[in-house]
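Q: Sequence:
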Amino acid sequence: MKVNGSFIELEKQQTLYDFLMLQNFNLGIIVVERNGEIVPRDTYQEVLLTNEDTLEVVTFVGGG
Numbered sequence: 001m002k003v004n005g006s007f008i009e010l011e012k013q014q015t016l017y018d019f020l021m022l023q024n025f026n027l028g029i030i031v032v033e034r035n036g037e038i039v040p041r042d043t044y045q046e047v048l049l050t051n052e053d054t055l056e057v058v059t060f061v062g063g064g
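In this note's numbering, the protein residues as written are 1 to 64.
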């Protein structure tokens, strides 16, 4: 699977939610795009990832 330009091999099937938790992403400040489409946050536990997927995880940064 490709995540933010880097390849990561999934060793077992997992949900997007589980993957993000294992990678220590803060769900409150990210948006996830999977294969070119934004994934609604309330579906993270339903989306099953495969090694063919491409994810872009964007973190919001506050500032002023």
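In case anyone wonders, no lab produced these hints; they're calculated from the structure. Treat the hints with caution; some may be incorrect.
Claimed, not checked - Label-pair restraints from in silico Cβ distances:
| id | residue 1 | residue 2 | range |
| --- | --- | --- | --- |
| 1 | 13 | 63 | 36 to 44 Å |
| 2 | 7 | 58 | 37 to 45 Å |
| 3 | 33 | 9 | 30 to 38 Å |
| 4 | 63 | 14 | 32 to 40 Å |
| 5 | 61 | 12 | 30 to 38 Å |
| 6 | 1 | 40 | 28 to 36 Å |
| 7 | 15 | 36 | 34 to 42 Å |
Where is the CB? At the ideal position from N, CA and C, for every residue including glycine.
Q: For every hint, state whether the structure bears it out.
A: Evaluated hints:
no.	hint	verdict
1	13 x 63: 36 to 44 Å	38 Å, holds
2	7 x 58: 37 to 45 Å	19 Å, violated
3	33 x 9: 30 to 38 Å	20 Å, violated
4	63 x 14: 32 to 40 Å	33 Å, holds
5	61 x 12: 30 to 38 Å	32 Å, holds
6	1 x 40: 28 to 36 Å	20 Å, violated
7	15 x 36: 34 to 42 Å	19 Å, violated
This entry does not satisfy hints 2, 3, 6 and 7, going by the numbered hints stated previously.
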